[in-house]
Amino acid sequence: MELVAVFATVFGVAASLGLGAAQINSGLSYLTGIPTAFWIQLIIIAVTTVLFILSAATGLKRGIKYLSNANMMLAVILFCLFFVLGPVGFILDLFTTAVGEYIQYLPSMSLRMAPFNAENAEWLRNWTIFFMAWWIAWSPFVGTFIARVSKGRTVREFMVAVLLVPTTVCVIWFSVFGGTGIYFDLYQGTEIAAQSLETALFYTFQQLPLSGTMSVISLFLITTFFITSADSATFVLGMQTTNGSLNPPNFVKISWGLFLAATAIILMGTGGLSGLQTAIIVSAFPLTIVLLFMSYAVLKAFRREVRKERN
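Quick note on my numbering: the sequence shown kicks off at 87 and runs consecutively.
Calculated directly from the structure, the hints in this document are not laboratory data. We treat Cβ as the ideally placed atom computed from N, Cα and C, and that holds for glycine. It cannot be assumed that every hint is accurate.
Pairwise CB distance ranges, derived in the manner of DEER restraints [stated by the list, open to error]:
#1 MET195 / GLY229: 19 to 27 Å
#2 VAL185 / SER341: 19 to 27 Å
#3 ASN397 / VAL90: 44 to 52 Å
#4 ALA280 / PHE337: 44 to 52 Å
#5 GLN281 / ASN336: 39 to 47 Å
#6 PRO335 / GLU208: 41 to 49 Å
#7 GLU187 / PHE337: 22 to 30 Å
#8 ALA348 / VAL90: 38 to 46 Å
#9 VAL185 / PHE337: 42 to 50 Å
#10 THR214 / ALA280: 45 to 53 Å
#11 VAL241 / LEU294: 21 to 29 Å
#12 TYR191 / ASN397: 37 to 45 Å
In the DSSO-like style, the derived pairs of lysine-lysine whose C-alpha atoms are separated by at most 30 Å in a straight line are [as the list claims (entries may be wrong)]:
#13 LYS394 / LYS237
#14 LYS386 / LYS237
#15 LYS237 / LYS151
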C-alpha cells in the first residue's frame, strides 16, 4: 500500500507541477509578452523546484508555515477585489442556485458516465473523471500531511477544519471566479469559455478594472500555492520512504523534489496535457481500491472507539 501511495503522490504532484508551469507561462506571456514555449516552462519548473525544496528543507514551522500564511492573505485580497469589481448580484444569485442544485444532483452526477452520448462522455472523461482522479492521487500525501500537523485535535475539530471549511471556501471561490466568467460570456459577448485552461483566468481579468494588478497577484499565488503543495508532498514522500519518520532527512526531501521535477518534465515532453492527465488517472486507479478498504477500516475503528468509551 505504501508503494501505491508513493506512486500516486509522485504522478499527482508532478502533473500539478506541469500544469502550473503552463499556467504561469501563460500569465507571464499576458503580462510581458514572452513566448509560450516548452523551454520557458522548463525554466519555470526549475525555479519552482528550487524554491519548494528550500521551503521543505526549512521544516514545517518556518518555510511551509510562512508561505501558507502569505498565500491566504493574498488569496483573500484577490477574492475581495474580484468580488467587488465583478457582477455582485449575479454572483450571489449563482451561489444560492448552485448550492441547491449541487445538493440535489450530487448523487446522480457523481455516478454519471453518459453511455448514450459520446460528446458528453468525452467531457466527463476530460473533466469529472480527471479531476476526481487527480484528487484521489493527491489524497495520500494530503491526508498524511494533515494528520501530521493535526496532532492533539479531536475528530470533530479535524472534520470541521478538513471537510466543512474547505468545502465552503471552494463553493464561494468558484461562485465568484467562475460566476464572473459565465456572466461576461452570457451578457457581455466575451469568449472566456473558448480560451485554454491556462489563459482563461487572465482573459477574465481583462474584463475588469485593475486587471494588471490582479494578474500579478494571481501569478504569485499560482506559484506559491504550488510551492506549498509540493514542499508538503516532498515532506510526506520523505516520511513514507523512511519508515514513517516524522522529520525525514533533508537529503531525502531534496531527492524527492528533484524526482518530482524530472517526472513532470518527462510527462510534459512526451505527452503534454494529455500525458499529464493519463498519468494521473493511471496512478489513481489502484489507489481507489485501497481507499475503499481504508474507508471501511475507518468506520470500523470509530465503532471500536465508541464501544471502548461505553465500557
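These are the hints, each one checked on the structure:
no.	hint	verdict
1	MET195 / GLY229: 19 to 27 Å	holds (24 Å)
2	VAL185 / SER341: 19 to 27 Å	violated (44 Å)
3	ASN397 / VAL90: 44 to 52 Å	violated (36 Å)
4	ALA280 / PHE337: 44 to 52 Å	holds (47 Å)
5	GLN281 / ASN336: 39 to 47 Å	holds (41 Å)
6	PRO335 / GLU208: 41 to 49 Å	holds (46 Å)
7	GLU187 / PHE337: 22 to 30 Å	violated (50 Å)
8	ALA348 / VAL90: 38 to 46 Å	violated (21 Å)
9	VAL185 / PHE337: 42 to 50 Å	holds (47 Å)
10	THR214 / ALA280: 45 to 53 Å	violated (20 Å)
11	VAL241 / LEU294: 21 to 29 Å	violated (42 Å)
12	TYR191 / ASN397: 37 to 45 Å	holds (43 Å)
13	LYS394 / LYS237	holds (21 Å)
14	LYS386 / LYS237	holds (21 Å)
15	LYS237 / LYS151	holds (16 Å)
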